[in-house]
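Counting in our numbering, the sequence shown runs from 3 upward without gaps.
Read the hints as simulated data drawn from the structure, not as lab findings. A few of these clues could be false.
Stated by the list, open to error - Only pairs whose alpha carbons sit at most 30 Å apart, straight line, appear in this in silico DSBU-like list of lysine-lysine:
hint: 1; residue 1: Lys-220; residue 2: Lys-171
hint: 2; residue 1: Lys-220; residue 2: Lys-176
hint: 3; residue 1: Lys-297; residue 2: Lys-220
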Amino acid sequence: MNRIHVAVIFGGMSSEHSISCLSAANVVAAIDAERFDVTGIGISPEGVWVRYGIDEILDLPSTGQLPTVEVGDRPLVSVKQMVEGTCVVDTEGNADLVQVVFPILHGPFGEDGTIQGLLEMAGVRYVGCGVAASANCMDKHLTKMILAEAGVLVGPYLVVRDHEWRQDKNGVLKAASRLQYPLFVKPARGGSSIGISRVTSPEGLEAAIETARDHDSKVLIEQGIHGREIECSVLDGRHGAAPRASLPGEIVVHDPDGFYDFEAKYLSGEQKASVQSRAELDDATRIRVQNVAIKAFRVLGCEGLARIDTFVTPDGAVYVNEPNTMPGFTRSSGFPLMWQASGMTYAQIVSELIELALERPLGLR
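Use the sequences and the hints to build the structure in full.
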(Lines of atoms letter the chains of each structure in order from A and count residues from 1; the text may use other names and numbers.)
(Lines give C-alpha, C1' and ligand atoms only; values in the text may rest on other atoms or scores of the structure.)
Protein backbone atom coordinates (compact mmCIF):
# COMPACT_ATOMS: atom_id res chain seq x y z
CA MET A 1 0.00 0.00 0.00
CA ASN A 2 1.35 3.43 -0.95
CA ARG A 3 1.70 5.61 2.11
CA ILE A 4 0.31 9.14 2.11
CA HIS A 5 2.91 11.85 2.64
CA VAL A 6 1.96 14.38 5.32
CA ALA A 7 3.82 17.63 6.00
CA VAL A 8 3.45 18.71 9.62
CA ILE A 9 4.02 22.45 10.10
CA PHE A 10 4.49 23.80 13.62
CA GLY A 11 5.96 26.65 15.67
CA GLY A 12 5.10 29.94 14.03
CA MET A 13 5.34 33.64 14.80
CA SER A 14 2.59 33.93 17.41
CA SER A 15 2.78 33.94 21.19
CA GLU A 16 1.43 30.37 21.08
CA HIS A 17 4.62 29.12 19.40
CA SER A 18 5.62 26.72 22.17
CA ILE A 19 2.15 25.21 22.48
CA SER A 20 2.26 24.49 18.75
CA CYS A 21 5.57 22.65 19.26
CA LEU A 22 4.10 20.53 22.06
CA SER A 23 1.03 19.77 19.95
CA ALA A 24 3.19 18.75 16.99
CA ALA A 25 5.21 16.31 19.10
CA ASN A 26 2.03 14.56 20.19
CA VAL A 27 0.51 14.48 16.71
CA VAL A 28 3.68 13.10 15.10
CA ALA A 29 3.94 10.44 17.82
CA ALA A 30 0.37 9.36 17.06
CA ILE A 31 0.53 9.30 13.25
CA ASP A 32 0.08 5.79 11.86
CA ALA A 33 3.51 5.00 10.37
CA GLU A 34 2.05 2.18 8.28
CA ARG A 35 -0.23 4.61 6.44
CA PHE A 36 1.58 7.95 6.51
CA ASP A 37 5.06 9.33 5.87
CA VAL A 38 5.89 12.59 7.63
CA THR A 39 7.96 15.63 6.71
CA GLY A 40 8.49 18.08 9.56
CA ILE A 41 8.57 21.85 8.98
CA GLY A 42 9.35 24.12 11.91
CA ILE A 43 8.72 27.86 11.71
CA SER A 44 10.92 29.89 14.05
CA PRO A 45 9.50 32.80 16.08
CA GLU A 46 11.15 35.08 13.50
CA GLY A 47 9.37 33.31 10.63
CA VAL A 48 12.20 31.16 9.25
CA TRP A 49 11.05 27.80 7.81
CA VAL A 50 13.39 24.86 8.48
CA ARG A 51 13.29 21.10 8.08
CA TYR A 52 12.83 19.10 11.29
CA GLY A 53 13.42 15.36 11.53
CA ILE A 54 10.83 13.13 13.17
CA ASP A 55 13.07 12.39 16.17
CA GLU A 56 13.74 16.11 16.61
CA ILE A 57 10.00 16.80 16.74
CA LEU A 58 9.43 13.99 19.23
CA ASP A 59 12.21 15.41 21.43
CA LEU A 60 10.66 18.90 21.64
CA PRO A 61 8.92 18.31 25.01
CA SER A 62 11.91 16.49 26.55
CA THR A 63 13.52 19.51 28.23
CA GLY A 64 10.54 20.13 30.50
CA GLN A 65 10.53 23.75 29.29
CA LEU A 66 8.33 25.39 26.68
CA PRO A 67 10.10 24.45 23.41
CA THR A 68 11.10 26.69 20.52
CA VAL A 69 11.95 26.00 16.89
CA GLU A 70 15.70 26.54 16.50
CA VAL A 71 17.08 27.37 13.06
CA GLY A 72 20.72 26.41 13.71
CA ASP A 73 22.22 24.65 10.68
CA ARG A 74 18.96 23.04 9.63
CA PRO A 75 18.14 23.33 5.92
CA LEU A 76 15.66 26.03 4.97
CA VAL A 77 12.45 24.83 3.34
CA SER A 78 9.59 26.13 1.23
CA VAL A 79 6.35 24.68 -0.12
CA LYS A 80 6.22 24.84 -3.93
CA GLN A 81 3.85 23.79 -6.69
CA MET A 82 5.84 21.68 -9.16
CA VAL A 83 4.98 19.54 -12.20
CA GLU A 84 4.77 16.43 -10.02
CA GLY A 85 2.54 18.16 -7.46
CA THR A 86 3.12 20.08 -4.24
CA CYS A 87 6.61 19.59 -2.83
CA VAL A 88 8.51 20.56 0.30
CA VAL A 89 11.87 21.71 -1.08
CA ASP A 90 14.92 22.41 1.07
CA THR A 91 18.25 24.15 0.52
CA GLU A 92 20.08 20.82 0.40
CA GLY A 93 18.23 19.83 -2.77
CA ASN A 94 15.69 17.48 -1.21
CA ALA A 95 12.11 17.60 -2.50
CA ASP A 96 9.32 15.67 -0.76
CA LEU A 97 6.09 15.26 -2.71
CA VAL A 98 3.26 15.74 -0.20
CA GLN A 99 -0.45 14.98 -0.48
CA VAL A 100 -1.66 16.79 2.62
CA VAL A 101 -0.43 19.35 5.17
CA PHE A 102 -1.22 19.32 8.89
CA PRO A 103 -0.65 22.95 9.98
CA ILE A 104 -0.49 22.64 13.77
CA LEU A 105 -0.16 26.39 14.18
CA HIS A 106 -2.00 28.36 16.83
CA GLY A 107 -2.79 32.06 16.80
CA PRO A 108 -1.92 34.79 14.27
CA PHE A 109 0.12 33.87 11.18
CA GLY A 110 -1.08 30.28 11.38
CA GLU A 111 -4.65 29.89 12.60
CA ASP A 112 -5.93 33.10 11.02
CA GLY A 113 -6.13 32.22 7.33
CA THR A 114 -2.57 33.19 6.39
CA ILE A 115 -1.04 29.71 6.16
CA GLN A 116 -4.33 28.43 4.73
CA GLY A 117 -4.10 30.95 1.88
CA LEU A 118 -0.54 29.89 1.13
CA LEU A 119 -1.57 26.22 1.00
CA GLU A 120 -4.53 27.03 -1.24
CA MET A 121 -2.14 28.80 -3.63
CA ALA A 122 0.21 25.80 -3.48
CA GLY A 123 -2.66 23.52 -4.49
CA VAL A 124 -2.35 21.14 -1.55
CA ARG A 125 -5.02 19.81 0.78
CA TYR A 126 -4.69 20.59 4.46
CA VAL A 127 -6.19 19.78 7.84
CA GLY A 128 -8.61 22.29 9.31
CA CYS A 129 -10.68 25.27 8.31
CA GLY A 130 -10.31 27.25 5.11
CA VAL A 131 -9.15 30.83 4.68
CA ALA A 132 -12.37 32.71 5.48
CA ALA A 133 -13.44 30.59 8.45
CA SER A 134 -9.93 30.69 9.92
CA ALA A 135 -9.77 34.48 9.60
CA ASN A 136 -13.26 35.07 11.00
CA CYS A 137 -12.79 32.68 13.92
CA MET A 138 -9.44 34.21 14.86
CA ASP A 139 -11.04 37.63 15.29
CA LYS A 140 -13.36 37.32 18.29
CA HIS A 141 -15.23 40.46 17.25
CA LEU A 142 -16.07 39.09 13.79
CA THR A 143 -16.98 35.74 15.33
CA LYS A 144 -19.50 37.34 17.68
CA MET A 145 -21.10 39.36 14.89
CA ILE A 146 -21.53 36.29 12.66
CA LEU A 147 -22.91 34.15 15.47
CA ALA A 148 -25.31 36.83 16.71
CA GLU A 149 -26.63 37.36 13.18
CA ALA A 150 -27.41 33.62 13.04
CA GLY A 151 -29.26 33.68 16.35
CA VAL A 152 -26.52 32.06 18.43
CA LEU A 153 -26.27 33.54 21.92
CA VAL A 154 -23.15 35.61 22.67
CA GLY A 155 -22.49 37.69 25.78
CA PRO A 156 -22.43 41.52 25.96
CA TYR A 157 -19.13 43.03 24.81
CA LEU A 158 -17.35 46.13 23.59
CA VAL A 159 -14.70 46.26 20.88
CA VAL A 160 -11.85 48.76 21.28
CA ARG A 161 -9.97 49.64 18.10
CA ASP A 162 -6.51 51.13 18.11
CA HIS A 163 -7.49 54.65 16.97
CA GLU A 164 -10.37 54.78 19.48
CA TRP A 165 -8.05 54.05 22.39
CA ARG A 166 -5.32 56.44 21.26
CA GLN A 167 -7.71 59.31 20.57
CA ASP A 168 -10.30 58.96 23.34
CA LYS A 169 -9.43 56.72 26.29
CA ASN A 170 -12.04 58.34 28.49
CA GLY A 171 -14.70 57.72 25.87
CA VAL A 172 -13.79 54.04 25.74
CA LEU A 173 -13.85 53.71 29.53
CA LYS A 174 -17.22 55.45 29.63
CA ALA A 175 -18.61 53.11 26.96
CA ALA A 176 -17.38 50.13 28.98
CA SER A 177 -19.33 51.34 32.01
CA ARG A 178 -22.53 49.89 30.53
CA LEU A 179 -21.07 46.40 31.04
CA GLN A 180 -21.38 44.63 34.37
CA TYR A 181 -18.32 43.46 36.29
CA PRO A 182 -16.40 41.22 36.30
CA LEU A 183 -15.09 41.97 32.82
CA PHE A 184 -12.68 39.95 30.73
CA VAL A 185 -10.33 42.05 28.62
CA LYS A 186 -8.55 40.20 25.84
CA PRO A 187 -6.74 40.62 22.52
CA ALA A 188 -9.32 40.27 19.74
CA ARG A 189 -7.00 37.97 17.79
CA GLY A 190 -5.18 35.54 20.01
CA GLY A 191 -5.49 32.30 21.91
CA SER A 192 -4.27 30.16 24.82
CA SER A 193 -5.67 32.92 27.07
CA ILE A 194 -2.53 35.01 26.49
CA GLY A 195 -2.96 38.70 27.34
CA ILE A 196 -6.31 38.21 29.07
CA SER A 197 -7.19 39.95 32.33
CA ARG A 198 -10.13 39.52 34.68
CA VAL A 199 -11.20 42.94 35.94
CA THR A 200 -13.45 43.35 38.97
CA SER A 201 -13.65 47.16 39.20
CA PRO A 202 -13.28 50.25 36.95
CA GLU A 203 -9.90 51.03 38.54
CA GLY A 204 -8.29 48.04 36.84
CA LEU A 205 -9.77 48.45 33.38
CA GLU A 206 -7.22 50.79 31.77
CA ALA A 207 -4.27 48.60 32.78
CA ALA A 208 -6.06 45.51 31.48
CA ILE A 209 -6.66 47.17 28.11
CA GLU A 210 -2.97 48.09 27.88
CA THR A 211 -2.02 44.48 28.69
CA ALA A 212 -4.25 43.21 25.89
CA ARG A 213 -2.84 45.86 23.52
CA ASP A 214 0.63 44.41 24.07
CA HIS A 215 -0.62 41.46 21.99
CA ASP A 216 -3.11 43.06 19.58
CA SER A 217 -4.12 46.59 18.63
CA LYS A 218 -7.75 45.45 18.63
CA VAL A 219 -9.17 44.61 22.07
CA LEU A 220 -12.38 43.02 23.27
CA ILE A 221 -14.02 43.79 26.62
CA GLU A 222 -16.48 41.06 27.53
CA GLN A 223 -19.01 41.02 30.33
CA GLY A 224 -18.53 37.93 32.47
CA ILE A 225 -21.25 35.31 32.18
CA HIS A 226 -22.31 33.47 35.30
CA GLY A 227 -22.26 29.84 34.32
CA ARG A 228 -20.23 26.70 33.75
CA GLU A 229 -17.42 26.70 31.17
CA ILE A 230 -18.43 23.88 28.86
CA GLU A 231 -16.42 22.93 25.76
CA CYS A 232 -17.44 20.74 22.85
CA SER A 233 -15.18 19.32 20.13
CA VAL A 234 -16.54 19.10 16.59
CA LEU A 235 -15.33 16.94 13.71
CA ASP A 236 -16.57 17.44 10.19
CA GLY A 237 -18.75 14.73 8.68
CA ARG A 238 -17.34 12.17 6.25
CA HIS A 239 -18.39 12.22 2.60
CA GLY A 240 -20.65 15.25 3.07
CA ALA A 241 -22.39 13.99 6.22
CA ALA A 242 -23.29 16.31 9.09
CA PRO A 243 -20.60 17.46 11.56
CA ARG A 244 -20.17 15.38 14.70
CA ALA A 245 -20.01 16.71 18.26
CA SER A 246 -18.10 15.01 21.06
CA LEU A 247 -19.36 14.57 24.56
CA PRO A 248 -18.87 18.02 26.13
CA GLY A 249 -16.08 18.67 28.62
CA GLU A 250 -15.77 21.27 31.34
CA ILE A 251 -13.18 23.74 32.59
CA VAL A 252 -13.29 23.70 36.38
CA VAL A 253 -11.62 26.71 38.01
CA HIS A 254 -10.55 25.94 41.58
CA ASP A 255 -9.58 29.52 42.48
CA PRO A 256 -12.80 31.54 42.89
CA ASP A 257 -10.97 34.72 41.86
CA GLY A 258 -9.12 33.15 38.95
CA PHE A 259 -9.82 31.91 35.43
CA TYR A 260 -8.33 29.47 32.93
CA ASP A 261 -5.44 31.62 31.72
CA PHE A 262 -2.14 30.65 30.06
CA GLU A 263 -0.43 30.04 33.40
CA ALA A 264 -3.22 27.76 34.60
CA LYS A 265 -3.14 25.86 31.30
CA TYR A 266 0.57 25.33 30.84
CA LEU A 267 2.84 26.73 33.55
CA SER A 268 1.42 26.49 37.03
CA GLY A 269 2.39 23.57 39.21
CA GLU A 270 -0.69 24.30 41.27
CA GLN A 271 -4.07 22.96 40.23
CA LYS A 272 -5.71 26.35 39.58
CA ALA A 273 -7.99 24.84 36.96
CA SER A 274 -8.55 21.49 35.34
CA VAL A 275 -10.17 20.03 32.24
CA GLN A 276 -12.83 17.41 32.80
CA SER A 277 -13.06 15.45 29.57
CA ARG A 278 -16.68 14.58 30.27
CA ALA A 279 -18.88 17.22 31.87
CA GLU A 280 -21.62 16.09 34.22
CA LEU A 281 -24.67 17.31 32.31
CA ASP A 282 -28.20 16.04 32.06
CA ASP A 283 -29.12 14.66 28.63
CA ALA A 284 -31.16 17.71 27.60
CA THR A 285 -28.32 20.14 28.40
CA ARG A 286 -25.71 17.90 26.75
CA ILE A 287 -27.74 17.71 23.55
CA ARG A 288 -28.32 21.47 23.63
CA VAL A 289 -24.57 22.14 23.94
CA GLN A 290 -23.79 19.72 21.11
CA ASN A 291 -26.42 21.29 18.86
CA VAL A 292 -25.13 24.81 19.56
CA ALA A 293 -21.55 23.66 18.84
CA ILE A 294 -22.57 22.13 15.52
CA LYS A 295 -24.61 25.20 14.58
CA ALA A 296 -21.66 27.50 15.37
CA PHE A 297 -19.36 25.22 13.34
CA ARG A 298 -21.67 25.46 10.34
CA VAL A 299 -22.52 29.15 10.63
CA LEU A 300 -18.84 30.07 10.79
CA GLY A 301 -18.05 27.89 7.76
CA CYS A 302 -15.66 25.63 9.65
CA GLU A 303 -14.12 22.54 8.07
CA GLY A 304 -12.25 19.60 9.53
CA LEU A 305 -12.35 20.46 13.20
CA ALA A 306 -13.03 23.08 15.83
CA ARG A 307 -13.42 23.31 19.56
CA ILE A 308 -16.41 25.42 20.55
CA ASP A 309 -16.17 27.02 24.00
CA THR A 310 -19.45 27.90 25.68
CA PHE A 311 -20.98 29.06 28.93
CA VAL A 312 -24.04 27.24 30.26
CA THR A 313 -26.02 29.44 32.64
CA PRO A 314 -28.03 28.17 35.62
CA ASP A 315 -31.24 28.51 33.59
CA GLY A 316 -29.80 26.30 30.83
CA ALA A 317 -28.97 28.95 28.21
CA VAL A 318 -25.90 28.16 26.08
CA TYR A 319 -23.70 31.13 25.12
CA VAL A 320 -20.82 30.66 22.69
CA ASN A 321 -17.64 32.20 24.06
CA GLU A 322 -15.34 31.48 21.12
CA PRO A 323 -14.33 28.83 18.58
CA ASN A 324 -10.83 27.41 18.18
CA THR A 325 -10.15 26.25 14.63
CA MET A 326 -6.80 24.62 15.49
CA PRO A 327 -7.10 23.77 19.19
CA GLY A 328 -4.24 22.42 21.25
CA PHE A 329 -3.20 18.81 20.70
CA THR A 330 -1.15 18.30 23.85
CA ARG A 331 -2.06 15.30 26.00
CA SER A 332 -3.92 17.63 28.37
CA SER A 333 -5.75 19.59 25.66
CA GLY A 334 -9.52 19.57 25.62
CA PHE A 335 -10.08 18.65 21.95
CA PRO A 336 -8.42 15.21 22.02
CA LEU A 337 -9.55 14.52 25.59
CA MET A 338 -13.21 15.05 24.71
CA TRP A 339 -13.00 12.77 21.68
CA GLN A 340 -11.19 10.16 23.74
CA ALA A 341 -14.03 10.34 26.27
CA SER A 342 -16.37 9.85 23.30
CA GLY A 343 -14.67 6.61 22.26
CA MET A 344 -11.84 7.54 19.87
CA THR A 345 -8.14 7.00 20.49
CA TYR A 346 -5.67 9.85 20.01
CA ALA A 347 -4.25 8.07 16.94
CA GLN A 348 -7.75 7.65 15.47
CA ILE A 349 -8.41 11.37 15.89
CA VAL A 350 -5.22 12.24 13.99
CA SER A 351 -5.98 9.76 11.19
CA GLU A 352 -9.55 11.04 10.93
CA LEU A 353 -8.36 14.63 10.51
CA ILE A 354 -5.94 13.66 7.75
CA GLU A 355 -8.63 11.63 5.97
CA LEU A 356 -11.09 14.52 6.21
CA ALA A 357 -8.51 16.80 4.61
CA LEU A 358 -7.90 14.33 1.77
CA GLU A 359 -11.65 14.14 1.05
CA ARG A 360 -11.98 17.89 0.69
CA PRO A 361 -11.85 19.35 -2.82
CA LEU A 362 -9.30 21.98 -3.73
CA GLY A 363 -10.30 25.54 -4.58
CA LEU A 364 -13.63 27.23 -3.93
CA ARG A 365 -16.17 25.06 -2.11
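Now for the hints, and whether the structure bears them out:
no., hint, in the structure
1, Lys-220 - Lys-171, "14 Å, holds"
2, Lys-220 - Lys-176, "18 Å, holds"
3, Lys-297 - Lys-220, "27 Å, holds"
Against the hints set out earlier in the document, no violation occurs for any number.
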